[in-house]
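Assemble the whole structure, with the sequences as input and the hints as a guide.
One line per chain: the protein sequences are G and X, in this order. Using the working numbering, count along the first sequence one by one with no gaps and you end on 635. Using the working numbering, count along the second sequence one by one with no gaps and you end on 248.
None of these hints come from the bench; they were simulated from the model. Hints are not guaranteed to be accurate.
[Claimed, not checked] According to the in silico footprint, chain X covers these stretches of chain G (three or more CB under 8 Å from chain X):
1. 473-487
2. 537-543
3. 572-584
[As the list claims (entries may be wrong)] In silico DSSO-like links for lysine-lysine, alpha-carbon gap of 30 Å or less:
4. Lys57/X <-> Lys501/G
5. Lys57/X <-> Lys185/X
6. Lys481/G <-> Lys154/X
Built from N, CA and C at the ideal position, the CB exists for glycine as well.
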Amino acid sequence: MTSLMSTDYDAIRLSAQVAIAATLFSLPYGFAAAYLLTFVKFRGKVLLEVLVNLPLTLPPVVVGYFLLLLLGKNGWPGSLLSDAGIRLIFTLKAAVIASAVVGFPLLVRSLRIGMEGIDPQLIKASRTLGACWHDTLLSIILPLSFPGLLAGSSLMFARSLGEFGATIIVAGNIPGVTQTIPLAIYDYASSPTGGSTALALCLVSVAISLAVLFLHELLARRVARGE
Amino acid sequence: MGHLQRLLLYLFVLLTAASSAGAGEVALSAAASLKEVISELSDNFAKKNPGVKYVKNYGASGALVKQIENGAPSDIFISANLEWMDYLKKKNLADVASIGTFTYNTLVFAGAPGKASSMQDLIKLERIAIGSPKSVPAGEYAMEAFKKAGLDKQLEKKLAMAKDVRECLMYAERGEVDGAFVYKTDALQANKAKILFTVPQELYPRVTYPMALTVAGAKNKDAAAFFGYLHSDAAKAVLTKYGFAIH
Numbered sequence: 409m410t411s412l413m414s415t416d417y418d419a420i421r422l423s424a425q426v427a428i429a430a431t432l433f434s435l436p437y438g439f440a441a442a443y444l445l446t447f448v449k450f451r452g453k454v455l456l457e458v459l460v461n462l463p464l465t466l467p468p469v470v471v472g473y474f475l476l477l478l479l480g481k482n483g484w485p486g487s488l489l490s491d492a493g494i495r496l497i498f499t500l501k502a503a504v505i506a507s508a509v510v511g512f513p514l515l516v517r518s519l520r521i522g523m524e525g526i527d528p529q530l531i532k533a534s535r536t537l538g539a540c541w542h543d544t545l546l547s548i549i550l551p552l553s554f555p556g557l558l559a560g561s562s563l564m565f566a567r568s569l570g571e572f573g574a575t576i577i578v579a580g581n582i583p584g585v586t587q588t589i590p591l592a593i594y595d596y597a598s599s600p601t602g603g604s605t606a607l608a609l610c611l612v613s614v615a616i617s618l619a620v621l622f623l624h625e626l627l628a629r630r631v632a633r634g635e
Numbered sequence: 002m003g004h005l006q007r008l009l010l011y012l013f014v015l016l017t018a019a020s021s022a023g024a025g026e027v028a029l030s031a032a033a034s035l036k037e038v039i040s041e042l043s044d045n046f047a048k049k050n051p052g053v054k055y056v057k058n059y060g061a062s063g064a065l066v067k068q069i070e071n072g073a074p075s076d077i078f079i080s081a082n083l084e085w086m087d088y089l090k091k092k093n094l095a096d097v098a099s100i101g102t103f104t105y106n107t108l109v110f111a112g113a114p115g116k117a118s119s120m121q122d123l124i125k126l127e128r129i130a131i132g133s134p135k136s137v138p139a140g141e142y143a144m145e146a147f148k149k150a151g152l153d154k155q156l157e158k159k160l161a162m163a164k165d166v167r168e169c170l171m172y173a174e175r176g177e178v179d180g181a182f183v184y185k186t187d188a189l190q191a192n193k194a195k196i197l198f199t200v201p202q203e204l205y206p207r208v209t210y211p212m213a214l215t216v217a218g219a220k221n222k223d224a225a226a227f228f229g230y231l232h233s234d235a236a237k238a239v240l241t242k243y244g245f246a247i248h
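Written out as structure tokens, the structure is:
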């Protein structure tokens, strides 16, 4: 094992930071989207469904490029933000946004599987007992979709750890500031002398992914068993 | 023969045809900063010597060396620094007798006008793009200049690492960074980004582009012919046109 430099440890820390922030940031929106898609009938549902799943099929680099156009200095949201003194492009926030967009469909999918497994009788019973929709949401749906929430979060966390295509476009590649594990590996992989460090970081990446996926499988099994 | 078998056969023929197109082909691996000049030179040469296909691969010199080391087809290699040519030589992948100098360049700082006018001004900036020093010579020259000027610690967390010098220029062009360290010839290709200052020559070694035939390229007579053309006065005229220094 070669010695990792301080910026390589930074990369590991930054990856974890980005993945945690992206997952937490997405949770409320993911929950709302899954709730709408599972329990509510409305016009344009197919459209929402397609939009939510779009980042799953789009090349991440396309997501990144759109984000750059939107959040960059020349896009209108970006120029509004920069007038307000907020800078997103080439900061860690941009990395979080990129990961959040790319991982969002995975979160919603797992949440929906959890919500679809809830016995509709329970929901009907709560309604006949006089609960209004937010009572049902808080006391029936939220607790019962908790395993789905955990499974979805872990999957999204894992996806965020591996995010590369969108991230490299919007977050730049600043060692110690926005350089996550995949970006650091990319940097080393294109250098003739960086082979062993690239491999060391790959191993770190494999170890984290395995751990998270094992956790995800455990949680998914519990969801399937309806616990 | 069933549909599937026929389809598979077609695919097989297509694939083998594509991979065996080695005859009459010259594979060029050149530093990203040489993109326009090499394209023009190969087009010029192809007009006079038809029948040969030039496969051009531009990128960070370090990345190109890594590709060659891993078996990527390459007949001619032109690096933007001496280091990666030496590396190729050490790995016995360069035809040592052919190693020579192609051209020279200068390191500049390019960005929106008014952002900076000297190395000392860099400290005030928020984001600076350089090529990743691990594989991009322009980034290595820039890092050396920072160290010599005693600015490396102060700039450390501001440096966005680009995969090659052209990506570096794009960051400056789009205004996502305050400025970028690129070669003079790159900056001349830019629309919005302007040369803000030239990096003082005493801060970094002169940007030298060594070129060589690879061991495989030395056996390819089309490659040798084009390599000879790269040394010619006609080629030097094109280099001068793009702002490269000959001496």
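Problem set entry | Structure versus earlier hints - violations, ascending order | 2, 4
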